[in-house]
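Novice: Below are the chains, spelled out letter by letter.
Protein chains: 2
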Amino acid sequence: MSTRMFGEPIPRREDPRLLTGQGRYLDDLGRDALAAAFVRSPHAHARIIDIDVAGALDVEGLVAVYTWEDLPGRVGEPLPLLIPHPSLTHGRTAYPLARDVVRHVGEPVVMVVARDRYLAEDAAGMIRVEYEPLPPVVGIENAARADHLVHDDVPGNVGAVLLQETGDVAAAIEHAPHVLEFRLDIERSASTPLEGRGVYARWDADDESLRVYSSTQASTSVRAAIAARLGLPPGKVEVIAPDVGGGFGVKIVHPWPEEVLVPWAARLLGRELKWAEDRREHFVSAAHERGQVQHVKVGFDGAGRVLGLDVRILHDHGAYTPYGVIIPIVTSTQLLGPYKIGAYRAEVTSLYTNTVIVTPYRGAGRPQGVFCMERTMDRIADHLGLDRAEVREANFIGPDEFPYDQGLTFQDGRPLIYDSGDYPELLRKIKELIGWDGFAGVRSAAAAKGRRIGIGLGCYVEGTGVGPYEGGHVEIDSTGRVNVSTGLTSQGQGHQTVFAQIAATELGVPIEDVHVTTGDTRRFGYAVGTFASRAAVMSGNAIALASRKVREKALRIAAEALEADPRDLDITDGVVHVKGDPGSAIPLRTVAVLSNPLRYAFDEEAARATQFAVGGSPEDPPVASGDEPGLEGKDYYSPVRSTFAAGMHAAVVEIDPDTAEIHILRYAVVHDCGRLINPMVVEGQIHGGVAQGIGGALYERMEYDESGQLLNASFMDFLMPYATEIPRVETDHLETLSPLNPLGIKGAGEAGVIPVSAVIASAIEDATAIPIAKMPLSPAELFHLMSARERMSQRILS
Amino acid sequence: MSTRMFGEPIPRREDPRLLTGQGRYLDDLGRDALAAAFVRSPHAHARIIDIDVAGALDVEGLVAVYTWEDLPGRVGEPLPLLIPHPSLTHGRTAYPLARDVVRHVGEPVVMVVARDRYLAEDAAGMIRVEYEPLPPVVGIENAARADHLVHDDVPGNVGAVLLQETGDVAAAIEHAPHVLEFRLDIERSASTPLEGRGVYARWDADDESLRVYSSTQASTSVRAAIAARLGLPPGKVEVIAPDVGGGFGVKIVHPWPEEVLVPWAARLLGRELKWAEDRREHFVSAAHERGQVQHVKVGFDGAGRVLGLDVRILHDHGAYTPYGVIIPIVTSTQLLGPYKIGAYRAEVTSLYTNTVIVTPYRGAGRPQGVFCMERTMDRIADHLGLDRAEVREANFIGPDEFPYDQGLTFQDGRPLIYDSGDYPELLRKIKELIGWDGFAGVRSAAAAKGRRIGIGLGCYVEGTGVGPYEGGHVEIDSTGRVNVSTGLTSQGQGHQTVFAQIAATELGVPIEDVHVTTGDTRRFGYAVGTFASRAAVMSGNAIALASRKVREKALRIAAEALEADPRDLDITDGVVHVKGDPGSAIPLRTVAVLSNPLRYAFDEEAARATQFAVGGSPEDPPVASGDEPGLEGKDYYSPVRSTFAAGMHAAVVEIDPDTAEIHILRYAVVHDCGRLINPMVVEGQIHGGVAQGIGGALYERMEYDESGQLLNASFMDFLMPYATEIPRVETDHLETLSPLNPLGIKGAGEAGVIPVSAVIASAIEDATAIPIAKMPLSPAELFHLMSARERMSQRILS
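Protein chains in written order, with this note's numbering: chain A, 4 to 801; chain B, 4 to 801.
Hints are not guaranteed to be accurate.
Copies of the same chain look alike in the list, so a pair counts if it fits in one copy or across any two.
[Unchecked claim] Subject to a maximum C-alpha distance of 27 angstroms in a straight line, what follows is the list of computed DSS-like cross-link-like pairs (lysine-lysine):
no.: 1; residue 1: 300; residue 2: 343
no.: 2; residue 1: 552; residue 2: 637
no.: 3; residue 1: 552; residue 2: 239
no.: 4; residue 1: 637; residue 2: 239
no.: 5; residue 1: 343; residue 2: 777
no.: 6; residue 1: 582; residue 2: 552
no.: 7; residue 1: 300; residue 2: 777
no.: 8; residue 1: 432; residue 2: 343
The set of hints was computed from the structure by calculation and includes no laboratory data.
Chain A on its own, in the form it takes in the complex (with noise of 0.2 angstroms):
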């Protein structure tokens, strides 16, 4: 394989498309559609009394409103369960629109079509729904007290239970030398993408097929629903993910209610329907993530080796749990990063909550799993009072152990067993990049000057390119050009550039030529979807392996014209040659023409480009036993287990004495994701991942009252870093490659925003000598928690 195009920093192909405003999103299709509006719970828990439309008649434009009852057959049947895990042993999705409960605020009640939205809003306003509310259960520790339920067949509100073990976790804390036990709290958020959900669909009549665009991170799930649904063979319903602003988890697979109802509308009426989320409707009626409550039992060593990890975590999972029990899942299972410990237990209890449900956000549970676990090497290092990168360093993996059985179960029901990778490396090179060794001395220099400073260290692996599969066609045409397409979809990844990248390579044709569909079941009817960090991965080298599929034949076809043998032939710049004899050659746009046996029909230059043949030889079929025509190929890549990336993350902040202002002076990461197919789109995932870390660590917080209300619905209240908020992250790679892809790749997309959460809070504890046990945290609370200090040392004193 080449390497011009695979690792080279070539800039994103898409960027000067998206970045002048050239972006097709959801809202930019279907101006002329009919809009929808949902009428939406205002209430966290209450019951449905009645319903009045009758105001909403009188609006002009309105076209139709519908509630539970007007939904015929499946389409009113709760949504699918998507993860019918075993741990998930009271698994409850929601009605479309709601039934005769509501259990959030926001679950949508009514849909009103009307001409456009703005009329659908009017409509929907006059729609009286009358409630009797219900007691909410709001926050973990009301959900665990369970004094009311969320579901009333959920006894405890309880609906997972699950257990990871591997050794004797409580002998080995009980016989430890040292023993910790301490309480960690973690946040609600949300991923807040810039695009919101959204979901356009028109009915053929004449074709008696529907085009569905939707923004979501898998549109064959979409697919597999809505054909389910709404009764249509698969076939006849195509389902696109246009381009799409942002993802982050909450556009995955469910699929979401009204990726099934503005279908069916669509078809009902025979009208163009269309329904963009709003920001309010995003904050309440999509998804949230990270609320856990963990409790940590840490036996170690002298050395601060871990002899046994006990950890019990109540997570949130919401109203609903079409999903969200993979959250805990991941928590539990990567939590033990780049250590191997001697004995490790997590029991995981996921709550039914009155709000918003629970999905995947970038990161997916592994920033909960990582702020446990590094807080607990930092707490162990306080304890011991040794350097908190030593306390890592022992207990870090070796790099001749792979590949390492960490004795659990994976995610996907396999064996967490990692790959590959060199964790000793990665903190050598992210302790020199942060300068942590000599960094006493800056921090004592800092503290003359009455400057608090600290510096923070976290670690973590990574999952990534989880299968089952994923599919890639390679299809060159007579002009050369080189459709590309997989099933997944992109939200700003790069697709369109590193996708390009592999296929150029693998072919020798300029990236120019090459032009990448994601996300469109028409071209690719087979997929499993953009998330965990598994893109590259998975329809990387699925491209790469249809690629040289392509190139064979290619290769074959183009030895027959050249009365060459194809060893001797090699392809550059698009032009299948004679090695060492350039002008024995053939562009691949000809050979094109030369693998479909109709070369001569309906297009004369592509014709002309080869000698017309009356016949061929009268023994052989035109087209081969076991061949095709066309120079196209498909593969699919599907891994035996996922491949785990690493990284060491390192930051310094600096905290006003005064007002307890959290500043970070530096940033900087070490990452390995295997072989870099571009190093500046994985610079941009990573720098990208760190600012939402950030943001988790310091700003982004679903604010609930006891009424399950969300306080801060908007993004004049939901606080979310600005770029002044955000250092220049300082980045380095190491490559050790995976041996499970030919490839060699691992995956980047939620790398960044793992341990941002941790490192802040090492950084944090650092400057200030107080223990942090919950994220995010805002400067007024650092204040309570130093005030606080400062009056039990006083206390102390006087």
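Assemble the complex: chain A is given as a structure, and chain B must be docked to it using the hints.
Specialist: Using the frame of chain A, we list chain B on its own:
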């Protein structure tokens, strides 16, 4: 292979829909589309001096007017030369809109787009085109005389010259004991399907793709042409043949000017646009066929065995020849029929005339060839005083002589080799069916009552199932629905029935579960098209091969689920079961769910049918190398050469001695198309073909005057037979399997029409003792011949 479905005369599954008006033909689609109409040339040959569109601009609802000057780039180039055959020395195709010279009445000059067709026609009527008339060339003999030229740069009006030769014909004839020379004339006719051409295009700005519905016989070819002309990637052009109301060749693969112009304008305007041909347009701007003059010289021995046959064919291919040269190629290649003769030479001169272009019409040159060969057999019998059937039998290829190489080049450029047949047995059966041997007595008895009845016979061989390929795709979804698709199109042949029979039989599923899609590039992107009696052989075998792949995969997956050996399994009524143990069984719909590693997602019904498993074997990837998700398979059938169907027809006619009215008393067919998929469908094809053949023999002709005006361009003036003119067709079958394809089948679509003119001529000759050398033959013409003969007799007697 079970024969439960295959071979059964099950009623056509499409008929309930089509016969109750549920069909979706081109003009049923796009009811809200803009409409196109064309200003067409009123002159057969003229130079365009000026086009004044001003008058149209005031028409309310007018959207656009286009002349050639408005067509950019390749849109304005002459249409593609579909078959750049070596014999076509001067191929000429038309501009989509006439550029400066019009060469036949009906040639499109201006395209008008308006809100509806009425307004478009109104506007077209207001456009003034100033012409300078040029001398028209009408009729084969005028064309050959070449006093005027159709194209300035085509000397002698000769577009193509073709020679087929085997043996030394001159020597064979010179040394033959008997020699005859005569001339035969076959007039122009046309396909005249119930539905004319039509095209409806939608540009999807959201998707930057074009969807085109065309009443076509080859949607993939239309796609290729549109993509090339409009400069779109083929993947962005979808072409769908909806229900098509007959094709018979006229809707073959050109593309037509309208098929380029309508999509181009739809894209330019960003509006849906439709054009549906009206009947007059079809007469003057679609295509015709048949017109040939044949000069025959034959040498034979006393037993009637042909020693040498020399045929000079003048062929009229109209004003342009994108494809028309295929007709005399077929005539000259397949003229020999079931006979082996000493030496053969056919010299074709294909001529331009200022008339509508020529493309295949059901039979495609074979009716002319059979007319020539069978008239020759009758002349020989008459000359030698032998029985006409005996003369034929004396020349037959024997049943033990297959494969039989005629020593000629077939239309696909490969050697003309017959695969199988039993001509003596066909003759025996047709003689028995019609009562040949006792007919002399019947004729005499009738004559004694003053009735003139006669019997005629015609034999033919038809190359069917021409390559290069077709493909089939078969998919079983999780509801048990079997989706079968193939790229070629349907025009009413019963593909929904016979392709379903093939798939149902191969898969062991009820035919009700099978859904067939044809001619939709979204479903199958590679295809040749439906013509040359190739659909059943090509796509039928491809579907069988694809079904076998699916069956094999289903058995493999089911074997795993049932813990059985795949060889111990069978499939009955859609259920895979252990042979002899019906309790050990799994439905195909469940196998389909099991075939996808995502089986638990999005469709609970499907998920419930299988046992949820989180993982699988940790050592196997979910999708094995070389495997794919889904229960589906694709395969291509690509034959080394064509199969050769054969048949013999016989008719008894009565001629009114006073009015010369021609009445067909009986019509019998014995047909051999190999293994019958569905005898009822084959008989339907034959009956329809015979009806069309009777039209060609007695009624249908294009009446051009010397200025090139088509005088009978409407169904008021162009005679087609009613049901009252068509006798009951008595049909019997012979099944000599083709050794070339897995199903042993041969094509049957054109068979019925091929020998009818020859048979009717033979019978009229038998009834009247007047040599028939020209078809069609009207009662008036026959009356004229009879009167002339009577005058001659009277002259001799007097």
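Novice: It remains to establish, for every hint, whether it holds in the given structure.
Specialist: Cross-check of the supplied hints:
In this assembly of identical chains, residue 300 and residue 343 lie within 27 angstroms of each other by CA distance solely inside one copy; the values are 16 angstroms within and 97 angstroms between copies. In the homo-oligomer, the alpha carbons of residue 552 and residue 637 lie at most 27 angstroms apart both inside one protomer (8 angstroms) and across protomers (17 angstroms), since each shortest distance falls under that limit. Taking the shortest Cα distances, residue 552 and residue 239 sit within 27 angstroms of each other only across copies (23 angstroms), while inside one copy they are farther apart (30 angstroms). Proximity of residue 637 and residue 239 under a CA criterion of 27 angstroms is satisfied in both settings, with 22 angstroms inside one chain copy and 19 angstroms between copies.
With identical chains, the CA atoms of residue 343 and residue 777 are at most 27 angstroms apart within one copy only, with a shortest distance of 25 angstroms there and 97 angstroms across copies. In this assembly of identical chains, residue 582 and residue 552 lie within 27 angstroms of each other by CA distance solely inside one copy; the values are 20 angstroms within and 39 angstroms between copies. For a Cα distance limit of 27 angstroms, the shortest separation of residue 300 from residue 777 inside one copy, 17 angstroms, qualifies, whereas the shortest one across copies, 105 angstroms, does not. Proximity of residue 432 and residue 343 under a CA criterion of 27 angstroms is satisfied intra-copy only: 21 angstroms inside one chain copy versus 87 angstroms between copies.
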